[in-house]
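Enquirer: Once you have looked at the hints, place chain F on chain E.
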Amino acid sequence: MSQPPPQFDAAKAGKYFFRGGHTGWLGLHYCDHGDNWVELELPWRKDLIGDPDRAVLASGPIISLMDMASGMAIWQTKGVFVPIATLDLRVDYQRPARERSAVRGRVECYRTTRSAAFVRGIAHDGDADDPVAHIAGVFMTIAYDPRSATGGSNDE
Amino acid sequence: MMSDADLPFDLPAYARSLGIEFHEWIDGAPVLRVDYGTNIEGRPGHFHGGATAGLLENAGYAALRAQLLADGRTAQLKPVNITVQYLTGAKSKPAFARGRIARLGRRNANLSVEAWQDDPARPVASAVMNILMATD
Numbered sequence: 001m002s003q004p005p006p007q008f009d010a011a012k013a014g015k016y017f018f019r020g021g022h023t024g025w026l027g028l029h030y031c032d033h034g035d036n037w038v039e040l041e042l043p044w045r046k047d048l049i050g051d052p053d054r055a056v057l058a059s060g061p062i063i064s065l066m067d068m069a070s071g072m073a074i075w076q077t078k079g080v081f082v083p084i085a086t087l088d089l090r091v092d093y094q095r096p097a098r099e100r101s102a103v104r105g106r107v108e109c110y111r112t113t114r115s116a117a118f119v120r121g122i123a124h125d126g127d128a129d130d131p132v133a134h135i136a137g138v139f140m141t142i143a144y145d146p147r148s149a150t151g152g153s154n155d156e
Numbered sequence: 001m002m003s004d005a006d007l008p009f010d011l012p013a014y015a016r017s018l019g020i021e022f023h024e025w026i027d028g029a030p031v032l033r034v035d036y037g038t039n040i041e042g043r044p045g046h047f048h049g050g051a052t053a054g055l056l057e058n059a060g061y062a063a064l065r066a067q068l069l070a071d072g073r074t075a076q077l078k079p080v081n082i083t084v085q086y087l088t089g090a091k092s093k094p095a096f097a098r099g100r101i102a103r104l105g106r107r108n109a110n111l112s113v114e115a116w117q118d119d120p121a122r123p124v125a126s127a128v129m130n131i132l133m134a135t136d
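These protein sequence lines map, in sequence, to chains E and F. Sequential numbering from 1 applies to the first sequence in this note's numbering. Sequential numbering from 1 applies to the second sequence in this note's numbering.
Next comes chain F alone, as it looks inside the complex:
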């Protein structure tokens, strides 16, 4: 188990720049966290929808990277699409996100990702993503 371990890979420059960090492992999937700040803010006191989407997307990629590493696979990941559902306004406090792999094929992965603030059972946003895994 990697429950105490840090992420076995670096988050992208964009994620680090926005303030996204690894938080913990839950059932083998990394939970990412971002703290609220002026670089996150949309309408006053709330996350910008783009910042929420950035957290969701990075959690999706992190879940897939972790699984590919565990499987001993290497692939260049390319986004196919993402659909973000905004469920309620994310407020001025930390947000967390975790991706679940719904289907891991040879060339394509389908993921669902949820973001929450106080209670993982009450998500503030969710996303569905398709990611292409290119090998060359």
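Bound conformation, chain E alone:
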């Protein structure tokens, strides 16, 4: 911890966050951000269908999208990348997404405390005034272990 961590920038982070892992597999990409919000996009893909009768993205990948946008909104708000863990995430589905439509997730971090961060947001398929879903979530910052000089995580 001898050097201060670099300033978090969602646009730059988006370039390397989605190269692999779960979010890379989903093909998430960065769209836009402000001081306390981030918008990401989940592209349409046939093998992510949830209901065999309709060409609509499943709700699972939309949760992944909102979880990732939540994390990035928290780092954007705090200004730094710190390890965080999702405690609780609620998704209220307003309507199915349009057929063969990508879904965008826009999440704002409206409050941070020393150990918690609160987020809310919407998923939409083109018109942010007609959301597909609303979400609300709470995240915990994973504390650095003071016994470790390098600051390992102690989330267990």
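It should be emphasised that the hints constitute simulated quantities derived from the structure, not laboratory data. Here the structure is a predicted model, which means the values were calculated and not measured. The reader is advised that the hints may include incorrect statements.
[What the hints assert, rightly or not] The calculated lysine-lysine pairs, modelled on BS3-like cross-linking and capped at a C-alpha distance of 30 Å, are:
#1 Lys-78/E <-> Lys-15/E
#2 Lys-46/E <-> Lys-91/F
#3 Lys-78/E <-> Lys-91/F
#4 Lys-46/E <-> Lys-93/F
#5 Lys-15/E <-> Lys-91/F
#6 Lys-15/E <-> Lys-93/F
#7 Lys-78/E <-> Lys-12/E
Expert: Just chain F now, kept in the frame of chain E:
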């Protein structure tokens, strides 16, 4: 009993694509399983919260579909909401999930779902879901 039988319906494309499979029946409810892999990974060595939620949600739908089939009912299932509680980080090994139907009404079902890795009595995540059952 369907204890030795496979699932009497297909899992959605998304579930199969993520690697979610039917594992076994416990007390008439299907247990689903997903193996760890790069398409699951969030922070290094751990499940992404979205992958965990996908497993929970599919286990909830599978429990409801199995019950509706057993009851001879057909309905189109529509999600109303889901609340996921993350209890501890899910590690780089297989995870399992099973849904319980708390209330099965005519139009709405309320389910609770738990996911675990080594011990079903020590869940890594849980969820509460409301699912609308549309008939037309």
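Enquirer: Now, for every hint given, state plainly whether the structure supports it.
Expert: Each hint tested on the structure:
no., hint, in the structure
1, Lys-78/E <-> Lys-15/E, "holds, 19 Å"
2, Lys-46/E <-> Lys-91/F, "holds, 29 Å"
3, Lys-78/E <-> Lys-91/F, "holds, 27 Å"
4, Lys-46/E <-> Lys-93/F, "holds, 27 Å"
5, Lys-15/E <-> Lys-91/F, "holds, 26 Å"
6, Lys-15/E <-> Lys-93/F, "holds, 28 Å"
7, Lys-78/E <-> Lys-12/E, "holds, 16 Å"
Hint violations for this structure: none, all hints satisfied.
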